[in-house]
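Asker: Each chain is listed here by its residues.
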Amino acid sequence: DGGITQSPKYLFRKEGQNVTLSCEQNLNHDAMYWYRQDPGQGLRLIYYSQIVNDFQKGDIAEGYSVSREKKESFPLTVTSAQKNPTAFYLCASSIQGYGEQFFGPGTRLTVL
Amino acid sequence: EDKVVQSPLSLVVHEGDTVTLNCSYEVTNFRSLLWYKQEKKAPTFLFMLTSSGIEKKSGRLSSILDKKELFSILNITATQTGDSAIYLCAAQNSGGSNYKLTFGKGTLLTVNP
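One line per chain: the protein sequences are A and B, in this order.
Quick note: the first sequence, position 68, residue 73 per the numbering used here, numbers continuous.
Quick note: the second sequence, position 23, residue 259 per the numbering used here, numbers continuous.
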């Protein structure tokens, strides 16, 4: 089955700790994205990558970092510099940089 | 700054009603307008609109884009309880090699039996 997987589903961390959220796709898509969703808000773009070994900041990149060493993987690290990290994080991919984006099931991060 | 505004933010209807969800956008180098349905987790794709005035239809759902007035609507006829979800609208730009989706806050639709 082709698709996007995110792990873990739920993540609890103490304040000040870095955490890494996993995103893997087997759709052979070139472009991958990370979004953050807060209650009552739409999705806000954190980082995106159009090709391996290249990525760009989105609208709210501060306090986050990414890597794109393999086409199928785009992990997101939430660092201690992120002031309000508790949120629902969604990963997406698309064939190219434009067009329909397919979403993973999301990771709900709670910082205690 | 790119902006997408959806209205209403929430809506409660009875089964069988018809609803219209609105989406207006201000996006540099606009390319397309996308609609997604989000029930609990991952948004699922509904429509992508790139041309003005051409209706896209899937079952009871339909959508149309007006590029002159910078808005789109999503219609749902004969609503069912399974239509209860957040409906997200997103505008895509095409600035050089950077394609971004800017999302609205969504419309929370509740369909009561």
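No lab work stands behind these hints: they were computed from the structure.
The model shown is predicted, which means the values in this text are computed figures rather than measured ones.
There could be a bad hint or two in this list.
[Said to hold, decoys possible] Simulated pairs of lysine to aspartate or glutamate, DMTMM-like, Cα-Cα distance not exceeding 20 angstroms:
(1) B:Lys-293 / A:Asp-35
(2) B:Lys-273 / A:Glu-74
(3) B:Lys-341 / A:Asp-43
(4) B:Lys-239 / B:Glu-251
(5) B:Lys-277 / A:Glu-29
(6) B:Lys-303 / A:Glu-105
(7) B:Lys-341 / A:Asp-64
(8) A:Lys-14 / A:Asp-35
(9) B:Lys-276 / A:Asp-43
(10) B:Lys-239 / A:Glu-105
(11) B:Lys-341 / A:Glu-29
(12) A:Lys-62 / B:Glu-291
(13) A:Lys-62 / A:Glu-74
(14) B:Lys-303 / B:Glu-275
(15) A:Lys-62 / B:Asp-319
(16) A:Lys-88 / A:Glu-67
(17) B:Lys-277 / A:Glu-105
(18) B:Lys-239 / B:Glu-291
(19) B:Lys-239 / A:Glu-74
(20) B:Lys-292 / A:Asp-64
(21) B:Lys-277 / A:Glu-67
(22) A:Lys-76 / A:Asp-43
(23) B:Lys-239 / A:Asp-35
(24) A:Lys-14 / A:Asp-43
(25) A:Lys-14 / A:Glu-29
[Said to hold, decoys possible] Stretch by stretch, here's where chain A covers chain B in the computed footprint (C-beta under 8 angstroms, at least three residues):
(26) 275–288
(27) 292–306
(28) 319–330
(29) 338–349
Note that beta-carbon positions come from the ideal geometry of N, C-alpha and C, so glycine has one too.
Asker: Does each hint hold? Answer for all of them.
Answerer: Right, here's what the structure says about each hint:
Restraint check for Lys-293 (chain B) and Asp-35 (chain A): the C-alpha separation of about 28 angstroms exceeds 20 angstroms, so the hint is violated. Distance restraint check for Lys-273 (chain B) and Glu-74 (chain A): the Cα-Cα separation of roughly 31 angstroms exceeds the 20 angstroms cut-off, and the hinted pair is therefore not satisfied. Among the hinted pairs, Lys-341 (chain B) with Asp-43 (chain A) is consistent with the structure: their alpha-carbon atoms are about 10 angstroms apart, no more than 20 angstroms. As the CA atoms of Lys-239 (chain B) and Glu-251 (chain B) are separated by approximately 32 angstroms, the hinted pair breaks the 20 angstroms bound.
Taking the CA atoms of Lys-277 (chain B) and Glu-29 (chain A), the gap is near 17 angstroms; set against the 20 angstroms cutoff, the hint holds. Distance check on the hinted pair: Lys-303 (chain B) and Glu-105 (chain A) sit about 19 angstroms apart at the alpha-carbon level, within 20 angstroms; holds. Of the supplied pair hints, the one linking Lys-341 (chain B) and Asp-64 (chain A) holds, its CA atoms being roughly 15 angstroms apart against a limit of 20 angstroms. The straight-line distance between the Cα atoms of Lys-14 (chain A) and Asp-35 (chain A) is roughly 24 angstroms, outside the 20 angstroms bound, and the hint therefore fails.
For the hint pairing Lys-276 (chain B) with Asp-43 (chain A), the CA-to-CA distance comes to about 13 angstroms; that is within 20 angstroms, so the pair holds. Note on Lys-239 (chain B) and Glu-105 (chain A): the hinted pairing holds, with a Cα-Cα distance of about 19 angstroms set against a maximum of 20 angstroms. Taking the CA atoms of Lys-341 (chain B) and Glu-29 (chain A), the gap is near 26 angstroms; set against the 20 angstroms cutoff, the hint is violated. The straight-line distance between the Cα atoms of Lys-62 (chain A) and Glu-291 (chain B) is roughly 34 angstroms, outside the 20 angstroms bound, and the hint therefore fails.
Note on Lys-62 (chain A) and Glu-74 (chain A): the hinted pairing holds, with a Cα-Cα distance of about 17 angstroms set against a maximum of 20 angstroms. Proposed proximity of Lys-303 (chain B) and Glu-275 (chain B) is contradicted: the alpha carbons are some 28 angstroms apart, above 20 angstroms. Straight-line distance between C-alpha atoms of Lys-62 (chain A) and Asp-319 (chain B) comes to about 34 angstroms, which puts the hinted pair past the 20 angstroms bound. This hinted pair checks out: Lys-88 (chain A) and Glu-67 (chain A) have alpha carbons roughly 9 angstroms apart, not beyond 20 angstroms.
Taken as a hint, the Lys-277 (chain B) and Glu-105 (chain A) pair is honoured in the structure, with Cα atoms around 17 angstroms apart against an allowance of 20 angstroms. A threshold of 20 angstroms between alpha carbons decides the hint, and for Lys-239 (chain B) with Glu-291 (chain B) the separation of about 23 angstroms lies outside it, so the pair is violated. Proposed proximity of Lys-239 (chain B) and Glu-74 (chain A) is contradicted: the alpha carbons are some 32 angstroms apart, above 20 angstroms. Of the supplied pair hints, the one linking Lys-292 (chain B) and Asp-64 (chain A) is violated, its CA atoms being roughly 30 angstroms apart against a limit of 20 angstroms.
Restraint check for Lys-277 (chain B) and Glu-67 (chain A): not satisfied, since their Cα atoms lie roughly 24 angstroms apart, outside the 20 angstroms limit. A distance of roughly 28 angstroms separates the Cα atoms of Lys-76 (chain A) and Asp-43 (chain A); the hinted pair therefore is violated under the 20 angstroms criterion. Among the hinted pairs, Lys-239 (chain B) with Asp-35 (chain A) is inconsistent with the structure: their alpha-carbon atoms are about 26 angstroms apart, more than 20 angstroms. For the proposed pair Lys-14 (chain A) and Asp-43 (chain A), the alpha carbon gap of about 16 angstroms is at most 20 angstroms, so the pair holds.
Note on Lys-14 (chain A) and Glu-29 (chain A): the hinted pairing holds, with a Cα-Cα distance of about 13 angstroms set against a maximum of 20 angstroms. A count of 6 residues in the segment 275–288 of chain B with a Cβ less than 8 angstroms from any Cβ of chain A is obtained; the coverage claim is therefore met, three being the minimum. Check result for the segment 292–306 of chain B against chain A: violated, 0 residues qualifying (beta carbon to beta carbon below 8 angstroms, three or more required). Counting residues of the segment 319–330 of chain B whose beta-carbon sits less than 8 angstroms from any beta-carbon of chain A gives 4, enough to reach three: the coverage restraint holds.
A stretch counts as covered by a chain when three or more of its residues have a beta carbon under 8 angstroms from one of that chain; for the segment 338–349 of chain B and chain A the count is 5, and the coverage holds.
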